[in-house]
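There are 4 protein chains.
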Amino acid sequence: MSYAKQMLETDSGATIDADLLARTIDALSDCAQACTADADVDLRESDVAEMRTCIRLCLDCADVCAATASVVSRQTAFATAVVGPLLDACARTCARCGDECRAHADMHAHCRVCEEACRRCEQACRELLAALA
Amino acid sequence: MSYAKQMLETDSGATIDADLLARTIDALSDCAQACTADADVDLRESDVAEMRTCIRLCLDCADVCAATASVVSRQTAFATAVVGPLLDACARTCARCGDECRAHADMHAHCRVCEEACRRCEQACRELLAALA
Amino acid sequence: MSYAKQMLETDSGATIDADLLARTIDALSDCAQACTADADVDLRESDVAEMRTCIRLCLDCADVCAATASVVSRQTAFATAVVGPLLDACARTCARCGDECRAHADMHAHCRVCEEACRRCEQACRELLAALA
Amino acid sequence: MSYAKQMLETDSGATIDADLLARTIDALSDCAQACTADADVDLRESDVAEMRTCIRLCLDCADVCAATASVVSRQTAFATAVVGPLLDACARTCARCGDECRAHADMHAHCRVCEEACRRCEQACRELLAALA
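Chains as they are written, first to last, in this note's numbering: chain A, 4 to 136; chain B, 4 to 136; chain C, 4 to 136; chain D, 4 to 136.
It should be emphasised that the hints constitute simulated quantities derived from the structure, not laboratory data. Take the hints with a grain of salt, since some may be wrong.
Pairs count within a copy or across copies, as identical chains cannot be separated in the list.
[Unchecked claim] Pairs of lysine to any residue, SDA-like flavour, derived with a Cα cap of 20 Å: (1) Lys8 <-> Thr56; (2) Lys8 <-> Pro88; (3) Lys8 <-> Ala106; (4) Lys8 <-> Ala112; (5) Lys8 <-> Ala84; (6) Lys8 <-> Asp102; (7) Lys8 <-> Arg99; (8) Lys8 <-> Leu23; (9) Lys8 <-> Arg115; (10) Lys8 <-> Ala136; (11) Lys8 <-> Asp91; (12) Lys8 <-> Arg95; (13) Lys8 <-> Asp20; (14) Lys8 <-> Arg55; (15) Lys8 <-> Val51; (16) Lys8 <-> Leu132; (17) Lys8 <-> Glu53; (18) Lys8 <-> Phe81; (19) Lys8 <-> Asp50.
None of these values were measured; they are calculated from a predicted model.
Based on the provided sequences and hints, a complete structural model is requested.
This is the structure we're talking about:
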């Protein structure tokens, strides 16, 4: 069981479904890490000049997912009006980054792995957003 | 002159007005720092139990502003479709955090300073968003 | 299998043992998340005034673990002289935060969970540091 | 006057010299931003393959400076045993990143600007570390 899930199980004040929330937090942390690593492996490819857009989007996606993971981890004074737009921005960033990674997935296995992390994270953000509505 | 401005002046590939962009980056960095510091001073107040919402929002606002500052600092493959929703989410977070800080500004001078940083940052994000449209 | 492990398996340029590295990255991400969540639950406790040191250390530990996770995820131009002091600072922060969380573990189950994440992360950082030596 | 300085002037609990502390926080925020921007401009250079080490170090330096800025901004339960090793790791990272940027400064004006931000930040971290001793 992930620490996100364990923490939520000790937190009687959380009002959102703990399974969904823990899954989203885990997907956000995973995507941040995958994107950080993918940008780094992209940088060492012999076709690095072709990977510029991918590197840029992976760096952005890592930053946005990490911030969203932190915000979503907080239950104090939880307000959909604050969290909602960020989840939406994060889902859009994951979608765009996932598309770019897919464009390189046949050439670079690491981009295929990163695409999967982005898709899973986009999906989780959208499910949490729907649950908050 | 800030480093954001100096860096942009060496970057012939930037397509957005350098003054506006540097001002936004500086406002985002300033707001992230002010919110981190305000959450910390809030925590030491004797009425800390009354400051919970303020602390939570300051922590969120710091995370979102820091991520937005990084994303906006990148000009490679700049795409409004990615940056726009994040700037919007950031402006909304600053607005909400600024409102909460204002509610404590008479009691706590640090909340007044933090409110000002939030207002300036919200305004800068909205101006940049308008310029991208 | 974690994304950290999957990414490393696609990266022929990584020179460090992939199992150890993936375990460390996962422990760092987990600890960053557990500390962010613990600081937030601490904030809602009725004895919040007693939890100030714990909140402060959890926020620090989250920041340091997140930065260390990103740095350790990069294999390009890997240099122990850069990564080593950060891993050491991170292990020390986890140790101190873990001690503080233990002091509250009987009262607050979330601090017990957070202590465990800190201990595991401290241990992983020390093992990676030893492997780099 | 920077927000870091303004926030510290409202904080009667800070025990460190406010001028030195504010200068260090500003130098850390500036360096994080300059490094994020420099990695991005490096990525667009025609000699991007030669810039890999610089990009990697700038990304690391940005992460470490941002985390250190947050940690140093907190005065609650301030403990040199926690903050000291991080300041030392940050100074070392700035030193190494500054050296790498200098190696490209004749070719790339943005690397010269980034080197200056790294040197100023390294110096500020070392001065704060000395004041804490």
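Status of Ala112 relative to Lys8 across identical chains (alpha carbons, at most 20 Å): between (30 Å within a copy, 13 Å between copies)
Intra/inter-copy verdict for Lys8 and Phe81 if alpha-carbon distance must be at most 20 Å: The answer is within: 18 Å in one copy meets 20 Å, while 31 Å across copies does not.
Intra- versus inter-copy proximity for Glu53 and Lys8 (alpha-carbon distance at most 20 Å): For Lys8 and Glu53, the Cα distance exceeds 20 Å both inside one copy (39 Å) and across copies (25 Å).
Within, between, both or neither: Lys8, Ala136 at alpha-carbon 20 Å: The answer is neither: 22 Å in one copy and 35 Å across copies each exceed 20 Å.
Within, between, both or neither, where Lys8 and Arg55 count as close if Cα-Cα is 20 Å or less: neither (36 Å within a copy, 23 Å between copies)
Copy assignment of Lys8 with Asp50, given that the CA separation must stay at most 20 Å: The answer is neither: 40 Å in one copy and 24 Å across copies each exceed 20 Å.
20 Å Cα threshold - placement of Asp20 relative to Lys8: Within. Shortest intra-copy distance 11 Å satisfies the 20 Å Cα cut-off; inter-copy 29 Å does not.
Homomeric proximity label, Lys8 with Asp102: Cα distance no greater than 20 Å: Neither: 29 Å inside a chain and 22 Å across chains, both beyond 20 Å.
20 Å Cα threshold - placement of Asp91 relative to Lys8: So Lys8 and Asp91 fail the 20 Å test inside a copy (23 Å) and across (28 Å) alike.
Homo-oligomer pair classification [Arg99, Lys8; C-alpha up to 20 Å]: neither (28 Å within a copy, 24 Å between copies)
Intra- versus inter-copy proximity for Val51 and Lys8 (alpha-carbon distance at most 20 Å): neither (39 Å within a copy, 23 Å between copies)
Lys8 and Thr56: within-copy, between-copy, both or neither at 20 Å Cα: Close neither inside one copy (35 Å) nor across copies (23 Å); limit 20 Å.
Consistency with the previously given hints fails for numbers 1, 2, 3, 5, 6, 7, 10, 11, 12, 14, 15, 17, 19, ordered from lowest to highest.
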